[in-house]
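Participant: Residue numbers (the working numbering), protein chains in the order written: chain L, 6 to 165; chain Y, 6 to 165.
Treat the hints with caution; some may be incorrect.
Put simply, identical chains are the same to the list, so a pair is met inside one copy or across any two.
What the hints assert, rightly or not - In silico SDA-like links for lysine to any residue, alpha-carbon gap of 20 Å or less:
id, residue 1, residue 2
1, K79, Q111
2, K79, L165
3, K79, D36
4, K79, D51
5, K79, I91
6, K79, H7
7, K79, R9
8, K79, N38
Rather than coming from a laboratory, the hints here were simulated on the basis of the structure.
Number of protein chains: 2
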Amino acid sequence: MHIRPAQMDDRSSIWSIIGPTIRAGETYALDRNMSEADALSYWLGDDRETFVAELDGEIVGTYYIRTNQRGGGKHICNCGYMTSAIATGRGVARAMCQHSLVHARQHGYRGMQFNFVVSTNTRAVSLWESLGFEIVGRLPEAFQHPTLGYVDALVMFQPL
Amino acid sequence: MHIRPAQMDDRSSIWSIIGPTIRAGETYALDRNMSEADALSYWLGDDRETFVAELDGEIVGTYYIRTNQRGGGKHICNCGYMTSAIATGRGVARAMCQHSLVHARQHGYRGMQFNFVVSTNTRAVSLWESLGFEIVGRLPEAFQHPTLGYVDALVMFQPL
Numbered sequence: 006m007h008i009r010p011a012q013m014d015d016r017s018s019i020w021s022i023i024g025p026t027i028r029a030g031e032t033y034a035l036d037r038n039m040s041e042a043d044a045l046s047y048w049l050g051d052d053r054e055t056f057v058a059e060l061d062g063e064i065v066g067t068y069y070i071r072t073n074q075r076g077g078g079k080h081i082c083n084c085g086y087m088t089s090a091i092a093t094g095r096g097v098a099r100a101m102c103q104h105s106l107v108h109a110r111q112h113g114y115r116g117m118q119f120n121f122v123v124s125t126n127t128r129a130v131s132l133w134e135s136l137g138f139e140i141v142g143r144l145p146e147a148f149q150h151p152t153l154g155y156v157d158a159l160v161m162f163q164p165l
Numbered sequence: 006m007h008i009r010p011a012q013m014d015d016r017s018s019i020w021s022i023i024g025p026t027i028r029a030g031e032t033y034a035l036d037r038n039m040s041e042a043d044a045l046s047y048w049l050g051d052d053r054e055t056f057v058a059e060l061d062g063e064i065v066g067t068y069y070i071r072t073n074q075r076g077g078g079k080h081i082c083n084c085g086y087m088t089s090a091i092a093t094g095r096g097v098a099r100a101m102c103q104h105s106l107v108h109a110r111q112h113g114y115r116g117m118q119f120n121f122v123v124s125t126n127t128r129a130v131s132l133w134e135s136l137g138f139e140i141v142g143r144l145p146e147a148f149q150h151p152t153l154g155y156v157d158a159l160v161m162f163q164p165l
């Protein structure tokens with residue numbers, strides 16, 4: 006697995022990964038109907054650094070890292086990760102998270118926070134826990150899941 | 006106390022309230038050195054509704070309400086409140102919060118979330134608890150207080 010900064014050339018590959026996840030609407034609090042342009046503007050925004058993960062020369066995952074709060078909160082970072090459906094179960098999310106933790110430490114962040122992990126995304130919750138994150142908050146029925154209705158969202162945190 | 010939507014004319018009054026709070030840097034995760042223009046752009050942003058509280062014809066407080074997350078999270082709102090130092094202890098924050106809860110219910114929100122309440126701001130924490138909010142999360146050392154160093158931040162929530 007090779008993880009590197011995203012380039013402008015990667016936009017269509019990135020959309021092929023984030024598009025289906027956004028359209029499914031089961032794991033991210035983003036408008037399911039957002040346009041490709043809006044989704045790429047969000048994922049590759051000026052306020053964040055975006056990376057891609059390659060496996061056998063193909064982009065199979067992407068993540069961003071950004072500062073979570075301003076001012077007195079700027080020593081904590083936030084990340085979002087998405088993996089291609091075809092590469093599920095091959096350790097792509099784990100590798101990206103480990104990469105982001107190294108990157109965050111190198112850049113002097115003192116903690117990493119996930120603001121909104123959908124509680125029914127148990128695969129992700131278990132993965133983040135195995136990588137050192139703890140559930141530090143539970144937002145009751147804060148996410149409307151397309152098939153399960155209102156479900157809790159979790160705040161997860163790891164000091165660095 | 007009269008609470009009404011903020012007008013363009015209120016900008017200097019609003020700055021006279023939010024400026025000292027931002028410069029103090031003790032309660033909001035905002036850059037202490039942000040310019041007046043940036044602070045007003047933030048407080049009066051297109052993504053939120055902003056109100057002012059008047060006492061004897063003078064603006065003594067201001068708050069905003071906005072949608073906290075997009076997509077499946079858009080049924081939860083978020084607010085920020087600031088009170089003039091000279092009006093502290095006169096129930097301005099309480100009145101604004103009560104106003105925001107009514108406004109939120111009228112607009113169909115199903116919950117109100119405060120993402121980042123500095124734990125040393127005990128006056129605010131007690132006030133929000135007395136108005137029905139619960140601490141649903143604790144972010145360890147997520148805020149660098151200008152005199153107290155790294156302190157916890159709290160996530161507070163109220164279903165509506």
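Participant: It remains to establish, for every hint, whether it holds in the given structure.
Facilitator: So, going through the hints one by one against the coordinates:
no.	hint	result
1	K79 - Q111	within (15 Å within a copy, 34 Å between copies)
2	K79 - L165	within (14 Å within a copy, 31 Å between copies)
3	K79 - D36	between (26 Å within a copy, 9 Å between copies)
4	K79 - D51	within (16 Å within a copy, 23 Å between copies)
5	K79 - I91	neither (36 Å within a copy, 30 Å between copies)
6	K79 - H7	neither (29 Å within a copy, 36 Å between copies)
7	K79 - R9	neither (24 Å within a copy, 33 Å between copies)
8	K79 - N38	between (31 Å within a copy, 14 Å between copies)
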